[in-house]
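Asks: What follows is the residue order along each chain.
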Amino acid sequence: MGILVDENTHVVVQGITGREGSFVTREMLRYGTQVLAGVTPGKGGEKVHGVPVYDTLKQALTEHPTINTSLVYVPPLSAKDAAIEAISNGIRLVNIITERVPIHDTADLYSYALSKGTRVVGPTSVGILTPGKCKLGPIGGTNPDFQFKPGRVGIVSKSGSMTSETAWVLCQAGFGISTALSVGGDVIACSTFADILPLFEADPETDAVVLFGEPGGVYEEQAAQLVREGGFTKPLIAFIAGKFADMMPSGITFGHAGAIMERGLGSPRQKVEALRAAGVLVADVHHEIATLVAEALGRHAATV
Amino acid sequence: MNLYEYEGKSLLKKYGIRVPEGIFINAPQNAGSIEAFVEEVGEVAVKAQVLAGKRAKAGGIRFCKTAEGAELAVELLLHTTIHGSESVGVLVEQRLSIVGEYYLALTFDGWYRAPVVMLSQQGGVDIEEISQKNPEAIIIRPIDSIFGLPEWKAREIAAEAGFREERMRKMADLMVRAYRCFRENDIRLLEINPVIETPKMNFFAADAVIILDDDAMTRHRDFNYPPRGGLGRPLTQRELQAKLIDQNDYRGVAGKYIELDGDIAMMSAGGGGSITNMDALISYGGHPANYTEYGGNPPAEKVEKLTRVVLSKPGLTACWHVGAVANNTRVDITMEGFIAGLRAIRPPFPIVVRRGGPGWEEARAALERAREELHLDMTIFGPEMPMTESAKVVIQKSEEYKNKLRTLNC
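The listed protein sequences correspond, in order, to chains A and B.
Note that the first sequence covers residues 1 to 304 in this note's numbering.
Note that the second sequence covers residues 305 to 714 in this note's numbering.
Everything labelled a hint here was simulated from the structure, so no lab data went into it.
Don't take each hint at face value.
[As the list claims (entries may be wrong)] Some but not every residue of chain A turned toward chain B, in silico, with C-beta under 8 Å:
(1) M162
(2) Y219
(3) A241
(4) L281
Just so it is clear, CB atoms sit at the ideal spot from N, CA and C, and this is done for glycine as well.
Full structure from sequences and hints, please.
Replies: Next comes the structure, spelled out in structure tokens:
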């Protein structure tokens, strides 16, 4: 099982002919992910590692009607157009890897995805991986088996690099992964912790989830609220990075709107407090998450 | 990028939003026009142009009735520093009669995952306190990003905030114009505090706080704002050098560098990894000399440049080159850049490396060769060492080095 991606995930890569898009296509194919088509406007008819390229997503869908997932790997200013193209064509899962998407564009595409009921993960996601079944995006790099062993712990992270590092820490302690994904750390994340946790709750093959949070926004606080309200009942282990941020030179905040909107939330300390108050186990230092997972699952890592 | 008040106001003006008449002065020799201006408009406000809030309370705004007074205030505020932000000039503005002060802001919010408009009849310097004591005094409404802010919606919001009749109509009009400015210029925050109402019931933007979206700059090639730091202090020499690394080269990122007070040089990879490792170092009692994060598969020469910047800070006692098991960044290539930097600097202090990912075995071998060739005190860890655990090693190494210096009396 796992969530979002599995052996039935049929992928189209938007931006497949780019340097990164073509590299990640090769790695996905090596993993066994079913990449059926790619789209790059103007490059229809080409092939990338044997995958046919089309000018439009519509053409790709006509030739490969089982495609259900899009990986968006286009430049930042084209991400909104590509994502809306995918949503308009009825793709059910859109994963945006592109970083530095302008926030007005993200707001537009999120609003549109919401109206169509499409699941969008990203922008600034590193992808989604269900071990042994599907690797969507650059997650895990060229050797995902190294740290993503099949197992029963889910990972949801704002940070891409820390998705893999978290899997590695768990792997060393003897735990495998049900599904790992990064949702990105942008102000507007099209999928938040509180959107993803219910999917793990419903997944019979996930026993516990590790959450990796970062400063800013309220997505960690919303996760805490979800747990408090009973929307997520499995063990949740969290690490919140960025507690050092207090010592950075930041000057006096520019404008008042940020302070008014955050309503006293948003700092790592407040996130940790909110999560602990909801009963979430929060690690002080990152590698301690393995111990907390073991504790939560009521067994010692060494005996697994 | 944060805009100075005078830049923000000229942007608002383009959208038909009234701003007080004013002149911008950025050098004493340009101050000659003050006398004529004061004669024309009467009482003026002289405002230091800094990128910091709470300016009025810090003495950055002076009101003057005479040209002599205004000239003196200009002299005073031309090169002042407020909350660490150096003034780039002064804005001399007509002081208007005020019958009302309101608050208007447009920004993005994670609760709604949408743009929001914030509107209050109680604008002015105490808006944050008002938001705590009397949150209902500030109306906050999400805006459908695709639909925008139509006039009827703006009227509804103004009415909910307590504006009536002609006042309501005028506030709605101001909001619609402000939203167009917000949208068309890829603004992340547009705040007018206060919006002032004059006796003739005209609304003016008495201040302007605007933050542009750096991620959208490439579609605004007409913007012509000089570069500026956002730290509340001027950039240091090394921070300026680091900024040049990514200029005109979009392959990966290696130019984020913030100088701090500590003695352990940080060469850290990945955004999330870098802040996680900073936390670990500090929680074990270490003092970072800087913050940095490189990533997105940068070429070797970028990492070499960053290494030179990071290791050139005086007073270092150790260097921690640390990163997660990389997804996509080729660590053999980035370590090649690091080694080139080591070759140039030849640091006498200890180095601790912890990394993994594509090309790690080649990288490890190259680091071992460099250690021998350059006679470095370098400890090399791969993924077998938990990332944050290696913080303890670098702190211990740094202590040993400090002790050695002490016994050598240097």
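Asks: Each hint should be assessed against the structure and marked as holding or not.
Replies: A quick look at each hint next to the structure:
no.	hint	in the structure
1	M162	holds, 4 Å
2	Y219	holds, 6 Å
3	A241	holds, 4 Å
4	L281	violated, 17 Å
When the structure is compared with the earlier hints, a violation turns up for hint 4 alone.
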